[in-house]
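K.L.:
Those letters in the sequence shown? Residues 4 to 119, per the working numbering, in order.
Just so you know, the hints here were simulated from the structure itself, not pulled from any lab data. Be aware that a few hints might be false.
Derived Cβ-Cβ restraints for the label pairs, each shown as a range [stated by the list, open to error]:
| no. | residue 1 | residue 2 | range |
| --- | --- | --- | --- |
| 1 | I24 | P98 | 18 to 28 Å |
| 2 | C105 | T23 | 39 to 49 Å |
| 3 | D28 | Q86 | 16 to 26 Å |
| 4 | P98 | A26 | 32 to 42 Å |
| 5 | Q72 | I30 | 33 to 43 Å |
| 6 | G40 | C105 | 31 to 41 Å |
| 7 | D27 | Y100 | 29 to 39 Å |
| 8 | K66 | D28 | 35 to 45 Å |
| 9 | Q72 | T17 | 34 to 44 Å |
| 10 | L71 | T17 | 18 to 28 Å |
No more than 27 Å apart at the CA atoms, straight line, and that leaves these computed lysine-lysine pairs for DSSO-like [said to hold, decoys possible]:
| no. | residue 1 | residue 2 |
| --- | --- | --- |
| 11 | K66 | K41 |
| 12 | K85 | K49 |
| 13 | K31 | K66 |
| 14 | K49 | K91 |
| 15 | K85 | K50 |
| 16 | K85 | K31 |
| 17 | K50 | K91 |
| 18 | K31 | K41 |
| 19 | K50 | K66 |
| 20 | K31 | K91 |
| 21 | K85 | K66 |
| 22 | K66 | K49 |
| 23 | K66 | K91 |
| 24 | K31 | K50 |
| 25 | K85 | K41 |
| 26 | K31 | K49 |
Everything numeric in this text was worked out from a predicted model, so none of it was measured. Virtual Cβ for every residue (Gly too), placed ideally from N, Cα, C.
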Amino acid sequence: MSTENEKQTESLPTCGICGTIIADDDIKLICTYETCGKRTCLSCIKKMIEIMFSQPTLNYPFKCGACLQLLDQRIIYEIIVKQGQYEKYIACIFPLYWVKNCLEQNEILVQCKYLK
4 MSTENEKQTE SLPTCGICGT IIADDDIKLI CTYETCGKRT CLSCIKKMIE IMFSQPTLNY
64 PFKCGACLQL LDQRIIYEII VKQGQYEKYI ACIFPLYWVK NCLEQNEILV QCKYLK
């Protein structure tokens, strides 16, 4: 039998990636895709940002870990600014926007592992 405490824990919102319980006042992302609605905790958001910095061509824009729909980029942007990583973010993202006009249809942007 379930105890009352277990029932309360089951009804609390959790991170769709790591399963951590997310309080109402915690910073989080909520997937806006109507059939998903999964939440992502601040710790997982920070990991997503780190991964994006290492491979921006593969990991930008940010997507829901459950359904792969685009997430609200404004919240991620605010977190990046609060962490003092704005310049790093612009350095990663600017080439992605700029290159759209420069590459042919069959070309892709790659990053040299020796020039970081």
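K.L.:
Run every hint past the structure and note whether it holds.
P.N.:
Do the hints match the structure? See the list:
Distance hint check: the CB atoms of I24 and P98 are about 38 Å apart, inconsistent with the given range 18 to 28 Å. At roughly 41 Å, the beta-carbon separation of C105 and T23 lies within the given 39 to 49 Å, and the hint holds. The hint said 16 to 26 Å for the Cβ distance between D28 and Q86, and at roughly 19 Å that hint holds. Judged by the Cβ atoms, the range 32 to 42 Å given for P98 and A26 holds: they are separated by roughly 37 Å.
One distance hint, 33 to 43 Å for the beta-carbon pair Q72 and I30, is violated here, with the actual separation near 20 Å. Between G40 and C105 the CB atoms are about 38 Å apart, so this pair conforms to the stated range of 31 to 41 Å. Between D27 and Y100 the beta carbons are some 35 Å apart, a value that agrees with the proposed interval 29 to 39 Å. Here the CB-CB span from K66 to D28 is close to 25 Å, at odds with the stated 35 to 45 Å.
Taking the beta carbon of each, Q72 and T17 are about 19 Å apart, not inside 34 to 44 Å as hinted. Separated by about 19 Å at the C-beta atoms, L71 and T17 satisfy the suggested range of 18 to 28 Å. For a cut-off of 27 Å, the pair hint linking K66 to K41 stands: about 11 Å separates their Cα positions. Of the pairs offered as hints, the one joining K85 and K49 holds, with about 11 Å between alpha carbons and a cut-off of 27 Å not exceeded.
The hinted pair formed by K31 and K66 meets the criterion: a straight-line CA distance of about 14 Å does not exceed 27 Å. At most 27 Å may separate the alpha-carbon atoms for a hinted pair to count; K49 and K91 meet this at roughly 14 Å. The hinted pair formed by K85 and K50 meets the criterion: a straight-line CA distance of about 15 Å does not exceed 27 Å. This hinted pair checks out: K85 and K31 have alpha carbons roughly 14 Å apart, not beyond 27 Å.
Our distance criterion of 27 Å between C-alpha atoms is met by K50 and K91, whose separation comes to about 15 Å. With a C-alpha separation of about 10 Å, the suggested pairing of K31 with K41 holds against the 27 Å cut-off. Between K50 and K66, the direct Cα distance comes to roughly 13 Å. Compliance with the 27 Å bound is thereby established for this hinted pair. For the suggested pair K31 and K91, the alpha carbons sit about 22 Å apart, so the restraint of at most 27 Å is met.
Simply put, K85 and K66 have alpha-carbon atoms about 21 Å apart, close enough for the 27 Å limit, and the pair holds. Our distance criterion of 27 Å between C-alpha atoms is met by K66 and K49, whose separation comes to about 13 Å. Simply put, K66 and K91 have alpha-carbon atoms about 20 Å apart, close enough for the 27 Å limit, and the pair holds. Only pairs whose Cα atoms come within 27 Å are accepted, and K31 paired with K50 is accepted, the gap being roughly 13 Å.
Proposed proximity of K85 and K41 is supported: the alpha carbons are some 24 Å apart, at most 27 Å. Restraint check for K31 and K49: satisfied, since their Cα atoms lie roughly 11 Å apart, inside the 27 Å limit.
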